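J.: Sequence:
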Amino acid sequence: HDKAQAILGNYLDNDSITLIDGALESIDVPCDYILHGAAPTQSKFFMEHPVETIRTSIHGTEAMLELGHHKTVKKLVYLSSMEQYGVPYESGQVMTEERLGYLDHLNIRSSYSESKR
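For reference, each letter of the sequence shown is one residue, going 1 to 117 in full-length UniProt numbering.
Worth flagging that the hints you see were computed from the coordinates, not collected in a lab. Some clues are possibly wrong.
[Claimed, not checked] Here are the in silico distance ranges between beta carbons for each label pair: (1) Ile108 to Ile27: 18 to 24 Å; (2) Glu66 to Ile7: 22 to 28 Å; (3) Tyr33 to Glu90: 32 to 38 Å; (4) Leu19 to Gln42: 19 to 25 Å; (5) His69 to Gly9: 17 to 23 Å; (6) Thr72 to Glu98: 29 to 35 Å; (7) Glu62 to Ile17: 23 to 29 Å; (8) Ser16 to Met95: 28 to 34 Å; (9) Asp2 to Thr96: 31 to 37 Å.
Note that the structure is a prediction, hence the values are computed from the model and not measured. Glycine included, each C-beta is placed from N, C-alpha and C at the ideal position.
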């Protein structure tokens with residue numbers, strides 16, 4: 001909750017925005033939009049738990065999509081990071097969703113980057 005407050009700041013003061021922290025099953029309010037940012041973010045976790053890193057991203061997103069379907073939300077915004085784009089092939093390359101960079105699949109830390117793709 002503190003991290004969301006630090007990132008979202010004054011936006012959370014808006015009465016139209018409700019920050020829900022907890023089990024999805026406990027959400028009993030109408031929902032128009034979902035801002036999905038739940039994911040492990042510590043490199044140490046990626047290194048020590050690569051499979052869990054991938055599972056968390058995949059199953060968490062699946063659960064958010066199911067919640068969105070159940071609540072008939074207008075939009076789901078999936079937050080990610082530059083990690084998903086990988087390493088540019090060329091210096092100065094502009095990264096887009098259509099033009100991804102390189103990921104070293106033998107590097108255990110790439111579990112996070114790949115799970116975000």
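J.: List, from low to high, the hint numbers that the structure doesn't satisfy.
T.: Structure breaks hints 1, 5.
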